[in-house]
Each structure stands twice: as structure tokens, then as C-alpha cells.
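Below are the chains, spelled out letter by letter.
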Amino acid sequence: MAKKKTYGFRRPKLSPVAWVVAVIWLLVAIVPYIFMILMGFKGSTEYIMSPVYKLPQHWSWINFNAVLHGSYFHGLLNSLLVVVISMFFIVMFAASAAFAFARLRFRGTAILFSAVVAALIVPIHTTLIPIYLLTNKLHVYDQLAGLIGPYVAFAIPITVFILTQFMREIPKDFFEAAIVDGASHARVFFQIYFPLVRTAVVTVGIFNAVTLWNEFVFAYVLTSSGNKRTLPLTVFDYQGEYSSNIPAIMAALTLAAIPLTLSYLIFQERLVNGVMAGAIKS
Amino acid sequence: MKLRNRKIILKRLAPMAALALAVTGMAALPAHAESTITLWHIQSTGTGPKLIQDAVDRFMADNPGVKVVVSPIANDAYKDKIKVALGANSAPCIFPSWGGGPLATYVKAGQVIDLNSYVAANSYKARFLPASWSNVTFNDKIYGIPVENSSVAVIWYSKSLFKKYNLSTPTTWTQLLKVVAVLKSKGVAPFTMGGKAKWPEIMWYDYLVDRVGGSAAFNAAALRTGGKFTDPTFVRAGQLLQNLVKMGAFINGYNGIDYDTAGMRAPLYAGKAAMELMGTWEYSSFLSDKMASDFGFFPFPTVPGGVGDPTDVLGTVGDNYYSISSSCADKANAFKVIQYLIDDTSVKARITDGRIPPVAGVKLTDPNNVNIYNLLSKANGVQLWWDQYLPPDLAQLHLDETQALFGLSESPSGMASKQEALASKLLGASKK
Amino acid sequence: MKRKPYDPLKPRITTLLWMLGPAVVMLAVYLIWPIFQTLKLSLYDWNGIDRKAKAIGFGNWVELFHDHIFWLSVKNSFILLLISALVEIPIGLGLAILIFRGGKRFRIFKFGYFFPFLMSTVGISILFKQIFDTNFGLINQVLGILHLSGLEQDWLGNKHLAIYTVALLICWQYIPFYMLLFLAALNGISPDIEEAAAIDGAASWKFTRYIQIPLIRGAMITALLLIVIGSLKYFDLIWVLTNGGPEFSTSVMASYLYTLAFKNYRVGYASTVAGALFFIVFITAISIGRITKRFREV
Numbered sequence: 010m011a012k013k014k015t016y017g018f019r020r021p022k023l024s025p026v027a028w029v030v031a032v033i034w035l036l037v038a039i040v041p042y043i044f045m046i047l048m049g050f051k052g053s054t055e056y057i058m059s060p061v062y063k064l065p066q067h068w069s070w071i072n073f074n075a076v077l078h079g080s081y082f083h084g085l086l087n088s089l090l091v092v093v094i095s096m097f098f099i100v101m102f103a104a105s106a107a108f109a110f111a112r113l114r115f116r117g118t119a120i121l122f123s124a125v126v127a128a129l130i131v132p133i134h135t136t137l138i139p140i141y142l143l144t145n146k147l148h149v150y151d152q153l154a155g156l157i158g159p160y161v162a163f164a165i166p167i168t169v170f171i172l173t174q175f176m177r178e179i180p181k182d183f184f185e186a187a188i189v190d191g192a193s194h195a196r197v198f199f200q201i202y203f204p205l206v207r208t209a210v211v212t213v214g215i216f217n218a219v220t221l222w223n224e225f226v227f228a229y230v231l232t233s234s235g236n237k238r239t240l241p242l243t244v245f246d247y248q249g250e251y252s253s254n255i256p257a258i259m260a261a262l263t264l265a266a267i268p269l270t271l272s273y274l275i276f277q278e279r280l281v282n283g284v285m286a287g288a289i290k291s
Numbered sequence: 063m064k065l066r067n068r069k070i071i072l073k074r075l076a077p078m079a080a081l082a083l084a085v086t087g088m089a090a091l092p093a094h095a096e097s098t099i100t101l102w103h104i105q106s107t108g109t110g111p112k113l114i115q116d117a118v119d120r121f122m123a124d125n126p127g128v129k130v131v132v133s134p135i136a137n138d139a140y141k142d143k144i145k146v147a148l149g150a151n152s153a154p155c156i157f158p159s160w161g162g163g164p165l166a167t168y169v170k171a172g173q174v175i176d177l178n179s180y181v182a183a184n185s186y187k188a189r190f191l192p193a194s195w196s197n198v199t200f201n202d203k204i205y206g207i208p209v210e211n212s213s214v215a216v217i218w219y220s221k222s223l224f225k226k227y228n229l230s231t232p233t234t235w236t237q238l239l240k241v242v243a244v245l246k247s248k249g250v251a252p253f254t255m256g257g258k259a260k261w262p263e264i265m266w267y268d269y270l271v272d273r274v275g276g277s278a279a280f281n282a283a284a285l286r287t288g289g290k291f292t293d294p295t296f297v298r299a300g301q302l303l304q305n306l307v308k309m310g311a312f313i314n315g316y317n318g319i320d321y322d323t324a325g326m327r328a329p330l331y332a333g334k335a336a337m338e339l340m341g342t343w344e345y346s347s348f349l350s351d352k353m354a355s356d357f358g359f360f361p362f363p364t365v366p367g368g369v370g371d372p373t374d375v376l377g378t379v380g381d382n383y384y385s386i387s388s389s390c391a392d393k394a395n396a397f398k399v400i401q402y403l404i405d406d407t408s409v410k411a412r413i414t415d416g417r418i419p420p421v422a423g424v425k426l427t428d429p430n431n432v433n434i435y436n437l438l439s440k441a442n443g444v445q446l447w448w449d450q451y452l453p454p455d456l457a458q459l460h461l462d463e464t465q466a467l468f469g470l471s472e473s474p475s476g477m478a479s480k481q482e483a484l485a486s487k488l489l490g491a492s493k494k
Numbered sequence: 124m125k126r127k128p129y130d131p132l133k134p135r136i137t138t139l140l141w142m143l144g145p146a147v148v149m150l151a152v153y154l155i156w157p158i159f160q161t162l163k164l165s166l167y168d169w170n171g172i173d174r175k176a177k178a179i180g181f182g183n184w185v186e187l188f189h190d191h192i193f194w195l196s197v198k199n200s201f202i203l204l205l206i207s208a209l210v211e212i213p214i215g216l217g218l219a220i221l222i223f224r225g226g227k228r229f230r231i232f233k234f235g236y237f238f239p240f241l242m243s244t245v246g247i248s249i250l251f252k253q254i255f256d257t258n259f260g261l262i263n264q265v266l267g268i269l270h271l272s273g274l275e276q277d278w279l280g281n282k283h284l285a286i287y288t289v290a291l292l293i294c295w296q297y298i299p300f301y302m303l304l305f306l307a308a309l310n311g312i313s314p315d316i317e318e319a320a321a322i323d324g325a326a327s328w329k330f331t332r333y334i335q336i337p338l339i340r341g342a343m344i345t346a347l348l349l350i351v352i353g354s355l356k357y358f359d360l361i362w363v364l365t366n367g368g369p370e371f372s373t374s375v376m377a378s379y380l381y382t383l384a385f386k387n388y389r390v391g392y393a394s395t396v397a398g399a400l401f402f403i404v405f406i407t408a409i410s411i412g413r414i415t416k417r418f419r420e421v
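Protein chains in written order, with my numbering: chain A, 10 to 291; chain B, 63 to 494; chain C, 124 to 421.
Please note that the accuracy of each hint is not assured.
Label-pair ranges, simulated between beta-carbon atoms [stated by the list, open to error]: (1) B:Ser222 to C:Asp168: 53 to 59 Å; (2) B:Ala391 to A:Ser193: 51 to 57 Å; (3) B:Tyr186 to C:Asp168: 37 to 43 Å; (4) A:Pro60 to B:Lys246: 51 to 57 Å; (5) B:Ser222 to C:Leu284: 41 to 47 Å; (6) C:Leu140 to B:Asn201: 31 to 37 Å; (7) A:Trp70 to B:Asn151: 27 to 33 Å; (8) C:Arg135 to A:Met101: 16 to 22 Å.
The hints are simulated quantities; they were obtained by calculation from the structure and are not laboratory data.
Note that the Cβ used here is the ideal one computed from N, Cα and C, for glycine as well.
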């Protein structure tokens with residue numbers, strides 16, 4: 010197998026303009042974030058009395074400590090459980106369906122695919138009351154397990170849609186040749202198509218993970234006790250608890266954003282590797 | 063190579079998934095108790111949650127075999143959540159409300175039980191301030207027990223700013239306009255306002271209606287006993303309000319400022335605004351923000367030519383109220399739980415927390431609360447917040463229209479006719 | 124073991140079942156069935172609490188056509204759609220190309236650019252309430268020290284401005300996702316093509332313009348469709364940041380239906396709005412699909 014080559018357009022000379030644009034957008038993207046972190050260190054009256062753009066007078070960890078001694082870790086664990094399990098099912102269910110839509114010929118392919126994609130447009134709020142009733146009937150109300158159903162279902166349309174698009178881009182010859190060689194459909198899916206769309210799986214995976222990590226409405230309506238709360242809800246509670254203490258709320262927001270930021274930092278490397286692996290597909 | 067990778071991934075994932083299912087599965091095991099009572103409440107601040115939990119613990123100690131499951135819920139979102147639960151017939155045994163229109167809706171739907179026989183026993187009813195029952199009584203039947211607090215809207219002002227500009231607290235509209243003019247000339251916004259939330263704005267309109275036409279004007283229109291929302295009282299209230307808005311009495315951006323996260327209070331603390339019309343609960347916020355020493359209050363002023371009783375106040379005595387849902391399996395014990403929520407121990411705890419329990423003959427210590435209690439006991443009438451009193455659909459229109467009135471994009475008469483149209487649609491034509 | 128002779132390209136029914144079954148069942152239970160429930164409810168007058176709903180035929184639908192707040196919400200939804208499409212796609216694409224060309228040198232940018240997408244909507248709304256605040260906000264205060272007080276705005280309280288403020292904030296939140304989508308597509312272009320172009324000595328901007336961009340047209344169409352659908356049913360940030368106000372100036376279809384169901388206690392009528400929302404998104408998505416299909420074939 011050939012080693013990865015360097016190509017002319019992957020490492021073009023960068024004009025100063027490119028650097029300037031890149032830096033400006035970096036500011037647009039992260040200044041609010043930095044603002045949020047700095048706020049967390051301020052005192053509650055300092056926030057109101059002194060201009061917002063000033064650095065904190067004393068760097069105090071009080072706000073962060075208060076949040077960490079609250080229900081932060083409980084919420085973190087709950088979110089982690091729900092998101093990891095949901096993600097597993099989403100990828101499994103959606104990737105196999107996408108493969109079927111992209112490559113298998115059966116009656117009603119087009120109609121079923123349109124139906125799945127049309128499900129993209131279903132607004133969460135339309136389904137809230139029926140889903141609440143269903144959750145009660147299944148005896149999973151106020152349990153983390155009750156969140157997984159809606160989470161998986163609502164992520165399926167976009168995941169199927171994106172993965173189908175990507176799988177269709179893979180030359181059909183791959184599929185036909187493999188089948189004629191005697192490979193089963195399952196084998197073709199698992200060994201050829203799934204690895205080839207890895208980048209897309211990661212992309213849409215990030216999208217889903219972030220969406221679910223921050224999901225509010227279902228978590229809010231389908232759970233009620235404090236020890237079943239996911240992280241966004243614990244943050245939401247801080248808003249009530251520290252109604253006037255904006256810095257404390259900012260500290261809670263910062264801590265809530267850290268897990269996702271860290272996992273993106275780690276995952277991003279994987280993404281780069283995945284892309285590189287994709288480049289050696291000859 | 064690739065196949066192995068996949069297997070490794072699956073191997074790594076499988077135990078995690080199993081663990082997760084086990085954890086969530088364990089939580090699904092039913093609790094073993096002879097009777098289980100669920101209780102929702104929205105006391106999320108201060109010692110509120112502890113207060114409720116303590117009362118429930120006392121109940122459970124005295125009543126072994128009955129388990130009470132308490133779920134604290136955040137305020138604004140609770141209103142949506144209880145609606146979903148009631149609609150789905152899975153309401154908790156005990157839940158809080160503000161009385162008025164929404165509770166009336168639950169009553170009409172047969173979702174809450176009549177408590178008359180319960181409060182009649184041992185003259186339990188006499189324990190509470192008489193004014194506290196009006197918001198939970200429909201057709202002479204009581205559907206909720208007043209528990210948490212008493213709060214009315216007053217005008218809070220910054221003592222230091224009033225001293226600095228040599229102002230005294232106004233008692234008439236004309237005096238108020240003068241105060242507004244002085245503050246404006248000094249570059250201080252007279253009033254702060256959290257218009258995004260809408261409900262702080264209707265306090266102005268509702269008070270003005272009371273001062274212009276008296277409580278009779280509103281009651282005749284809302285109860286459809288000959289009054290209309292298009293009567294001159296309502297139009298005049300709107301005009302007075304819009305004149306105030308046009309004077310620039312409210313802080314810049316008032317229609318986008320939130321009440322939550324201190325958006326409305328921040329200008330007061332920073333000295334950018336001098337006054338706010340707000341419920342007396344604001345005092346506990348001032349306390350927890352360590353700003354209480356700078357703020358005092360005065361009652362809403364009278365208006366020229368107005369026939370309203372100047373002692374009338376806008377607010378509630380006793381909310382939150384606790385009701386029992388008709389789907390509750392153990393109603394007798396549920397009522398006992400409510401009694402523990404407002405027994406003598408709980409009353410003491412609430413007073414320590416800076417609240418005014420709706421119980422007759424309480425002894426208050428905080429001078430500010432004594433003032434509020436005096437205001438309450440002097441009041442000839444307590445007008446419940448309109449958005450709590452009116453049927454939800456009309457309440458929402460009232461909120462929307464008042465915001466438009468503040469935004470100067472709706473005229474007082476336009477607002478009046480829209481409210482009257484919806485009122486006659488929902489409540490029928492007004493007849494003498 | 125010998126198999127029966129059959130068309131090898133044709134999948135067995137069991138294959139189809141395990142591949143499609145789980146996804147289809149999940150959708151049917153959690154999305155499709157509730158939609159039918161909703162359409163049924165749209166024919167009733169129900170406050171969500173009464174045990175019985177009153178059937179009123181198409182009364183709600185008639186009311187809908189005369190409801191100017193509904194039409195204002197539709198208009199706002201389409202404003203959001205236009206702004207999102209015109210801002211998110213070009214900027215997302217530009218950033219993707221920038222990062223693609225920057226390669227390893229721009230890794231830090233790629234990381235930083237993603238930040239807006241990593242915060243929860245609740246978080247963003249609390250944060251930006253502080254940034255947009257008229258009296259204390261970061262933007263107005265910075266404008267103040269730059270002696271540009273004339274530019275200070277009532278970002279969320281001015282009913283002519285608020286929808287644009289909110290729309291741009293939504294763009295800010297979602298640009299990173301589209302950037303990543305385009306980046307994945309750019310990385311998917313076969314290296315052979317690049318190599319061939321490099322050997323031909325094409326200038327790098329020409330390569331981008333004539334080869335890369337046309338080759339990721341598929342991803343662009345996907346992005347457009349996602350934006351169309353996402354914008355028309357958008358709810359989250361608008362709800363937490365403005366509640367659809369002031370004076371319905373930021374009300375969109377989803378926030379209006381939420382208000383109706385949970386504030387006005389009109390679940391029946393809210394279901395009508397939900398049904399209308401469904402049809403509007405459906406028709407728009409299909410039209411966009413038709414138009415882009417032609418574009419794809421060109």
C-alpha cells in the first residue's frame with residue numbers, strides 16, 4: 010500500500026490574508042466563550058458595578074467550587090450514560106438503514122426513504138404529549154432509559170439522510186463486484202461501506218452527540234426527580250438558584266461546557282486520523 | 063484488519079451498554095411502601111426546598127407506611143410540565159398553583175378534588191387569613207390550601223438616589239410624574255422594567271385600572287356582570303400608561319430585558335434606574351444580593367379623578383396553593399401532608415426565611431415584612447394578578463397586548479376592544 | 124452448503140428486515156404516530172386538560188388562515204431560513220476551504236471555530252443575554268468605549284431588529300457544523316484528482332473554484348436541505364432568548380405553537396399550527412429538492 014503522499018493543494022502557501030481572516034474568525038468564535046469563563050471568576054456585585062469587559066479584580070474560585078459541590082457530577086454521569094447508549098443505537102440503526110437505501114433494491118425504496126427523510130421535519134413539540142403518554146405506559150417515566158427512545162428516534166432521520174448521501178457517492182461497482190464475488194450484503198455493509206463512510210459517521214456523530222448532550226425539552230418533560238437530571242437541566246436549575254448571581258451561572262455554564270470541549274479536543278485527533286485513513290482508500 | 067477494529071469497538075462498547083442498562087434497570091424497581099404520595103413543588107430558592115422536605119420528613123416519621131416522593135421543579139417550566147401531566151392523566155398527588163384561572167380550568171376538567179369537607183373538620187379553615195381563600199374558591203368550593211407566602215406589588219425605590227436628588231416618595235400620580243421628570247433630568251432612568259417576561263408590565267396596567275375605576279370596574283368586566291373591557295376606565299388606564307412610556311419613564315431596552323437572571327434588578331443596583339414596580343418577594347432578592355439596606359417601598363399612587371380605593375393592593379395572599387389531584391390514590395393522607403407543610407413548625411421556618419405565611423395572627427420580626435403585613439391588613443381589597451385570575455387564553459392576550467401597549471404599537475382602545483372580543487367569546491356577553 | 128439460485132444483487136427479506144426494521148420502528152413509534160395524533164387533535168377544541176375534547180371539524184384551520192400572528196410567525200421562519208442559508212453556507216464553506224488549505228498549520232483554528240457549537244442552547248442564551256443587554260451588555264459597552272455610542276442598539280428589545288439579532292446568533296451557533304460537513308466532503312475528494320490537477324499546473328484558487336466546489340455540490344445541497352428544515356422548525360434559542368417577543372417580532376412557527384399549547388392552553392389549535400408547520404416544511408423541502416435536483420444534474 011502506498012504511503013500517504015503530499016499533494017500540492019493540501020499544503021499551498023498561505024497568503025497573509027488567509028491568516029488574517031482565520032484569526033478574525035477565531036475571535037468571533039471564541040470571544041463569547043472567553044467572556045463566559047472570565048465572568049465566572051467575578052463577584053456578583055462586581056459584575057453589576059464594573060464594566061463587563063474588565064478582567065476580574067480577584068480571581069476567585071468560589072463560584073466554581075459551589076457548582077462542583079452541587080449536583081454537577083451527578084448530571085455529568087447521567088448525561089454521559091444517556092448519550093453513549095443513544096449514540097450506539099443511532100449509529101447501528103441508521104448506518105444499516107442508510108446502506109439499504111443507498112444500495113439495496115427493493116419495492117418502495119423511494120417512498121420509504123422519503124418517509125424517513127420527511128420525519129426530519131417533525132417538530133419535537135408536536136410529539137411531546139403523545140411521547141409523554143407513551144413513556145408513562147412503558148413505565149420508563151422519570152428514568153434515564155425513557156430518554157433513549159426519543160433521542161434515538163429523533164436522531165435517525167438526519168443520520169440516515171447524511172449517511173445515505175455519502176454511501177451513494179461510493180462507486181456502485183464496489184458493491185456489485187463484491188456481491189458477485191459471493192459476499193453477503195451484511196459483509197459488504199460492515200466491511201466496505203461502513204469503513205468507507207467513517208468520516209461521515211464521525212461528522213454526523215459529532216452533530217448528534219452535541220445535540221443530545223445539550224438536549225433540554227425531552228429531558229425536562231420526561232424526568233422529574235433531581236437525581237435523574239442531565240447536565241443542561243442542572244445548569245437550568247442554577248439559573249433559578251442563583252437568580253441574581255450572574256457570575257455563578259457563568260461558572261456553571263463553563264463547567265457544563267468543559268466535558269464536550271475536552272471530548273472534542275480528543276475526538277478531533279481521531280477525526281483527523283479517520284480522514285487520513287480515508288485518503289489511503291486505494 | 064478492519065474487521066478486528068470493529069470487534070474491538072464492539073467489545074469495548076458492550077460492557078458499557080450492559081452497565082448502563084443495569085443502572086437504569088435498577089432504578090425501575092418499585093419502591094415498597096403501603097402507600098406512595100407524590101408531591102411537586104417549585105420552591106427552588108433559599109431554604110424553600112429544605113422547608114418542604116423537613117415537613118414531609120416529619121409527616122413520614124409520624125405516619126410509617128406512607129412514602130412521600132418529593133420533586134422540586136423550577137418555576138417557569140413547571141407551568142408547562144403540570145399541564146402535560148394533567149393532560150396525560152398522570153398528575154402528582156399534591157401540586158402547587160397560583161389559584162385563579164388555571165386552577166379553575168383544572169377544576170372544570172375534574173382534575174382536582176373539592177377540599178370543603180377536609181377544611182371544615184376541626185375548623186381548619188379559620189387557621190388562615192380570610193383573604194387567602196378567594197383565589198381557590200369556585201362555586202363555594204375550596205380547591206387549594208394557601209401555604210407559601212403573601213405578596214403584593216409595590217413600588218420599590220433606591221433610598222440613596224432619592225436622597226441624592228432630594229426626592230420624597232409620591233402618593234399621587236402628579237407627584238410621581240414630577241419624580242420621573244427630576245430623575246430623567248439627572249440622567250437616571252426612573253423605572254427599570256423586565257418587559258421580555260411581560261408580567262412585570264401588566265402590574266402597571268392592572269394597578270392603573272384599579273386606581274381609575276376601582277375594583278368594581280374590573281370585576282364587572284371579568285365576571286361579565288355588565289362591565290366591559292372597553293369601558294372608559296380601561297382606555298384611560300392605557301392612556302395614562304402610554305403617557306408615562308412616552309415621557310421616557312422606563313429604562314432603555316425595557317421590552318427586551320428579562321426578569322430572570324437579575325436583568326431587571328441590575329440597573330437598580332448599578333444606580334442606572336431608581337424604581338421598580340414589583341412584588342414584595344423582591345425584598346428577599348435584595349436580601350440575598352446584599353442590597354436590601356438601600357431599598358424601601360411605597361404603595362401605588364392614586365390618579366387624578368380616580369375612584370379606586372388607595373388601600374387596594376394587587377397581589378395574592380397565600381400562594382402557592384397546594385391542591386390534590388383526583389387521580390391521587392390516597393387523598394386522606396395527601397391532605398395530611400399538606401397540613402404538615404403549613405403546621406406551626408413550618409410557619410416559623412417560613413417567617414425565618416423572610417416570608418409572610420397566610421396564617422392568621424403570625425408574629426413577624428423583619429421590619430420590612432411588618433410593613434408589608436400592615437399594608438396587607440389595611441387593604442380593603444386584594445386584586446389577584448390578572449394573568450393568574452383570567453382564563454389562560456385571555457390572560458395570554460392581556461400579557462401580549464400590554465407589551466404592545468408598552469411598545470407603543472397598540473392603542474389603549476385597540477387593546478380594550480381585543481380583550482373585550484376574546485372575553486365575550488370565552489366568557490359570554492356581559493349582562494347586568 | 125449450496126444456495127438456491129437467485130439474483131445476488133437482490134437482498135433477502137431477512138436482510139432488509141434487520142437493516143431497516145429498527146430505524147423504521149423507532150420512527151413509527153416516536154415520530155409518525157405522534158404526527159397522526161397531532162393531525163387528529165387539530166380538528167378538536169381541547170385545552171389539554173379536560174377529559175374530553177370537542178370535535179369542531181375544520182374550525183381551527185379556518186381560524187389559522189385569519190390569524191395574523193401565525194402568518195407573522197411564518198414570515199419570521201422564512202426570514203430565519205434566508206439568513207441562515209445566505210450566511211451559514213458561504214461562511215461554512217469559506218472556513219472549510221481555509222482549514223483544508225491550512226492543513227496542520229490551522230489545526231488550532233479548526234478547534235477554535237468549533238466552540239460555538241459545543242455550548243448548550245440554554246448556555247448560549249444566558250451568555251448572550253449578557254452580551255446583548257442594552258445597558259450592561261458587552262457589545263454596547265465596547266461600542267461606548269470606542270466612542271461609537273451612535274451604533275449602540277437595543278438588540279433584543281427593538282422589535283424591528285430582534286429577529287435579525289437572533290438569526291445571526293443562530294448562524295453563529297451552526298456555522299461550525301456546516302464547516303465540518305464541508306470539510307468532510309473536501310476530504311472525501313479523491314487525491315488522484317488533486318494530483319492530476321497539480322501536474323496540470325492549475326493555480327490553487329482555480330482548483331478550488333472549478334474542481335473542489337463543484338465536486339462537493341452534493342454536500343452543499345445536503346446543507347441547504349438541513350438548513351431549510353432546521354430553520355423552519357427552529358425553536359430552542361428563540362424560546363429561551365426572547366420567548367418570541369417583543370410583540371411577536373421574533374415569533375416563529377414552533378415558538379407560536381408552543382405558546383398556544385402551554386400558555387394559552389389551546390392544545391387543539393396548537394396542533395393545527397403544528398400540522399401547518401409540517402405541511403409548510405414538507406412542501407418547501409420538496410420544492411428545494413426538485414430545484415436542486417436540476418442543479419445537481421447540470
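Now the hints, each set against the structure:
For the pair Ser222 (chain B) and Asp168 (chain C), the supplied restraint of 53 to 59 Å holds, since their beta-carbon distance comes to about 54 Å. For Ala391 (chain B) and Ser193 (chain A), the hinted distance range of 51 to 57 Å is satisfied, since their beta carbons lie about 55 Å from each other. Distance hint for Tyr186 (chain B) and Asp168 (chain C): a CB-CB separation of about 39 Å, consistent with the stated range 37 to 43 Å. As the Cβ distance of Pro60 (chain A) to Lys246 (chain B) is approximately 24 Å, the hint placing it in 51 to 57 Å is violated.
Distance hint check: the CB atoms of Ser222 (chain B) and Leu284 (chain C) are about 34 Å apart, inconsistent with the given range 41 to 47 Å. Distance hint for Leu140 (chain C) and Asn201 (chain B): a CB-CB separation of about 58 Å, inconsistent with the stated range 31 to 37 Å. Remark: the range hint 27 to 33 Å for Trp70 (chain A) to Asn151 (chain B) is contradicted by a beta-carbon distance near 48 Å. At about 19 Å, the beta-carbon gap between Arg135 (chain C) and Met101 (chain A) stays in the expected band of 16 to 22 Å.
When held up to the earlier numbered hints, the structure conflicts with 4, 5, 6 and 7 and fits the remainder.
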